[in-house]
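With chain A held as given, fit chain B onto it using these hints.
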Amino acid sequence: MFKNEIIKYYDNIEPSNELIERTINMSNNNKKTIKLPKRAVAILVAAIVMLVGITGYAAASKIKNNEKGMAIETGAGILFDFTKSDNTPDKYTENDNEIVNALVGLGYDNIVLPRALCENAEIDSVNPFITDTSNSIDFKSKKYDSPTLFIINNVERKDMNNFFGTGDEDTIGEIVNINGIDVCLTIQGNEEMGYKPCITYVVDDTLFHIYYTAGTDAQKAYKSGIDFVNTIGQ
Amino acid sequence: MFSALNDEERIKKYSSTVYKIAYSITSNRDDADDVYQNVFLSYIKKRPSFNNEEHEKAWFIRVTINTAKNFVSQAWKKNTDTLDENIEAKEDEKIDLDFALKQLSPKGRTIIYLYYYEGYRTDEIAKMIGMKPSAVRSTLSRSRDKLKVILEKEGYDV
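If you read the sequences in order, they're chains A and B. Read in the numbering used here, the first sequence has 228 at position 228, and its numbers run on one by one without any break. Read in the numbering used here, the second sequence has 1064 at position 64, and its numbers run on one by one without any break.
Derived DSS-like pairs: lysine-lysine, alpha-carbon spacing no greater than 30 Å straight-line:
no.: 1; chain 1: A; residue 1: Lys68; chain 2: B; residue 2: Lys1012
no.: 2; chain 1: A; residue 1: Lys3; chain 2: B; residue 2: Lys1127
no.: 3; chain 1: B; residue 1: Lys1132; chain 2: A; residue 2: Lys143
no.: 4; chain 1: B; residue 1: Lys1057; chain 2: A; residue 2: Lys8
no.: 5; chain 1: A; residue 1: Lys3; chain 2: B; residue 2: Lys1057
no.: 6; chain 1: B; residue 1: Lys1046; chain 2: A; residue 2: Lys223
no.: 7; chain 1: B; residue 1: Lys1046; chain 2: A; residue 2: Lys84
no.: 8; chain 1: A; residue 1: Lys68; chain 2: B; residue 2: Lys1045
no.: 9; chain 1: A; residue 1: Lys8; chain 2: B; residue 2: Lys1148
no.: 10; chain 1: A; residue 1: Lys8; chain 2: B; residue 2: Lys1132
no.: 11; chain 1: B; residue 1: Lys1046; chain 2: B; residue 2: Lys1057
no.: 12; chain 1: B; residue 1: Lys1153; chain 2: A; residue 2: Lys8
no.: 13; chain 1: B; residue 1: Lys1127; chain 2: A; residue 2: Lys91
no.: 14; chain 1: B; residue 1: Lys1153; chain 2: A; residue 2: Lys3
no.: 15; chain 1: B; residue 1: Lys1127; chain 2: A; residue 2: Lys8
no.: 16; chain 1: B; residue 1: Lys1127; chain 2: A; residue 2: Lys68
no.: 17; chain 1: A; residue 1: Lys3; chain 2: B; residue 2: Lys1013
no.: 18; chain 1: B; residue 1: Lys1012; chain 2: B; residue 2: Lys1102
no.: 19; chain 1: A; residue 1: Lys140; chain 2: B; residue 2: Lys1132
no.: 20; chain 1: B; residue 1: Lys1046; chain 2: A; residue 2: Lys64
no.: 21; chain 1: B; residue 1: Lys1127; chain 2: A; residue 2: Lys143
no.: 22; chain 1: A; residue 1: Lys84; chain 2: B; residue 2: Lys1012
no.: 23; chain 1: B; residue 1: Lys1148; chain 2: A; residue 2: Lys3
no.: 24; chain 1: B; residue 1: Lys1127; chain 2: A; residue 2: Lys84
no.: 25; chain 1: B; residue 1: Lys1013; chain 2: A; residue 2: Lys84
no.: 26; chain 1: B; residue 1: Lys1045; chain 2: A; residue 2: Lys62
no.: 27; chain 1: A; residue 1: Lys91; chain 2: B; residue 2: Lys1012
no.: 28; chain 1: A; residue 1: Lys84; chain 2: B; residue 2: Lys1045
no.: 29; chain 1: A; residue 1: Lys62; chain 2: B; residue 2: Lys1046
Derived by calculation from the structure, the hints in this document are not laboratory data.
Extracted from the complex, chain A is given alone in its bound form (with noise of 0.2 Å):
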């Protein structure tokens, strides 16, 4: 009887035909591109070659993959803009090991980790961050060398690009899409220090920044990162 009410509710509520029109009609006119005519492409190419001369050979990109424009490149490290990336994930991690359940108990959802760092490392210590919803987690690991993640939760995505800048201008890196998600990689630090692999990514409305030390090595810092990220959300 209760279900049939309920069902027999929602029977009702369904979207206008004004509205599923005027969606269609979106879905359509960003279909849209505009054609340059063959003069007009003649005329941009030149004009392209030209300013390349003027500038002298631009600077390669550092970051790879960064078509959809997540990470942003100053010259002096890296900003994020989370509104130009894929946020929302093909699956949460399961609460099966004690980081998600500390998370949880500290109040977050929509949690998505590492499977690396779940199967990998234990908590060390749990301390305040910038907001009333945010962390710094210190973990212990003996596969990771002294792992560190920060994590904010319930902050507009557009606010969320303040958060975070990081690396320098020698950091070098690139997005990864798994889970779903956009994840940025960058490989900071030098031989003296050491390296770091910075994992930076959001689900949903909650930020996740993650770090460890990886060598002396570079291309193994970067080959550790890589693989690190690749277990996100699986």
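What follows is chain B alone, placed relative to chain A:
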């Protein structure tokens, strides 16, 4: 084999589900209309690929929930479905299922919809909205009990 739909077909296919969830969470048509358009705009911009129909539908449900949450962000965080028997309607306001559902939290309404209307299990709902299955079950139970208290008081046979 999973076959691809064009945008218009996909919008028509998921229109009803997206709107019902949006309305469940926001409780008003203006906000539900906004959520609905934002969800399909998000699909058009991101063009995710799907393994099968089940995966596709789950994506639309999750994106709708996440988009609608922004409209009710503070209320979403609370689980306020306590068994308060002293709920009073405004003058001229009819106490029916619509009124009763609006006394639930957005989370409670969403779980009621996904469980009873869409037929999802609590573990499936938990994955969609990022909650523990036990939390989904307890929210479902409290929400259901609250609806029954309100409706039985008005003489509805539930």
